[in-house]
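> As they're listed, the protein sequences go chains A and B.
Per the working numbering, residue 231 is the first one in the first sequence, and the count goes up by one each step.
Per the working numbering, residue 551 is the first one in the second sequence, and the count goes up by one each step.
Don't take each hint at face value.
[Claimed, not checked] Partial list, derived from the structure: chain B residues whose beta carbon lies under 7 Å from chain A:
no. : residue
1   : Gly593
2   : Met600
3   : Ala618
4   : Lys621
5   : Ser624
6   : Ala636
7   : Phe653
8   : Thr655
[Unchecked claim] Covered stretches of chain A, going by a simulated chain B footprint (3 or more residues, C-beta under 8 Å):
no. : segment
9   : 272-278
10  : 305-315
Source of the hints: derived by calculation from the structure; they are not laboratory data.
Note that CB positions come from ideal geometry on N, CA and C, so glycine has one too.
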Amino acid sequence: DVKVTQSSRYLVKRTGEKVFLECVQDMDHENMFWYRQDPGLGLRLIYFSYDVKMKEKGDIPEGYSVSREKKERFSLILESASTNQTSMYLCAIKSQPKFIFGQGTRLTVV
Amino acid sequence: KNQVEQSPQSLIILEGKNCTLQCNYTVSPFSNLRWYKQDTGRGPVSLTIMTFSENTKSNGRYTATLDADTKQSSLHITASQLSDSASYICVVSSTGGGNKLTFGTGTQLKVEL
Numbered sequence: 231d232v233k234v235t236q237s238s239r240y241l242v243k244r245t246g247e248k249v250f251l252e253c254v255q256d257m258d259h260e261n262m263f264w265y266r267q268d269p270g271l272g273l274r275l276i277y278f279s280y281d282v283k284m285k286e287k288g289d290i291p292e293g294y295s296v297s298r299e300k301k302e303r304f305s306l307i308l309e310s311a312s313t314n315q316t317s318m319y320l321c322a323i324k325s326q327p328k329f330i331f332g333q334g335t336r337l338t339v340v
Numbered sequence: 551k552n553q554v555e556q557s558p559q560s561l562i563i564l565e566g567k568n569c570t571l572q573c574n575y576t577v578s579p580f581s582n583l584r585w586y587k588q589d590t591g592r593g594p595v596s597l598t599i600m601t602f603s604e605n606t607k608s609n610g611r612y613t614a615t616l617d618a619d620t621k622q623s624s625l626h627i628t629a630s631q632l633s634d635s636a637s638y639i640c641v642v643s644s645t646g647g648g649n650k651l652t653f654g655t656g657t658q659l660k661v662e663l
């Protein structure tokens with residue numbers, strides 16, 4: 231089975247800090263995604279990547295950037311964390327026909 | 551605008567009882583519909599995936615139905631167990647690469663003794 235691993239389950243950061251959320255897959259899948267999940271809003275797509283160094287904006291990319299230097303790793307970057315970025319962040323890969331999610335990172339910005 | 555609406559928002563049932571969760575969608579063009587189970591503090595895990603031509607699909611005690619004409623789906627849980635307590639999320643994918651997913655906000659199910 232494909233495994234999607236997010237580096238941290240829980241993270242607390244200060245406003246203005248640069249934050250890196252890491253996601254690693256153990257297979258050779260091209261498509262990787264970053265979502266955030268907030269109560270009452272469902273999951274919303276931040277960015278996705280369809281290959282190394284390739285990225286596309288999702289529905290809510292503002293305040294975020296991503297990096298995909300190697301196929302197995304997709305990083306979400308908060309350049310200057312703000313309190314409204316407190317959320318659950320979920321990484322996913324597309325393993326046709328499924329989407330497989332990581333365990334999630336609960337980020338709190340104080 | 552593509553939308554997925556789920557009902558009820560939350561549900562409490564006794565262990566051993568059955569329940570049905572609803573999903574209505576207005577996603578076009580339709581590719582497939584997925585149900586996920588998400589335990590508290592964890593990522594979603596896939597239960598079923600149905601394409602346009604499939605009316606029903608089962609995964610153990612979970613049975614999903616799809617009516618593509620009325621754009622409705624349901625997830626039926628039989629003989630519920632305490633471990634079924636979770637959020638159940640309906641996700642609809644549109645065509646054109648299949649990467650565009652529209653998520654419902656989920657039904658929070660609690661199974662009690």
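> Run every hint past the structure and note whether it holds.
Verification of the supplied hints:
1. Gly593: holds (3 Å)
2. Met600: Not OK, violated: B/Met600 not within 7 Å of chain A, min 10 Å.
3. Ala618: Violated, because the Cβ-Cβ distance from B/Ala618 to chain A comes to roughly 17 Å (cut-off 7 Å).
4. Lys621: violated (17 Å)
5. Ser624: violated (18 Å)
6. Ala636: The hint is violated - B/Ala636 has no Cβ within 7 Å of chain A, the shortest such distance being about 13 Å.
7. Phe653: Result: holds, 4 Å to nearest chain A Cβ.
8. Thr655: holds (4 Å)
9. 272-278: This one holds; 5 residues, not fewer than the three required, reach chain B with a Cβ under 8 Å.
10. 305-315: Answer violated; 0 residues pass the 8 Å Cβ test.
Taken one by one, the earlier hints fail for this structure at numbers 2, 3, 4, 5, 6, 10, listed in ascending order.
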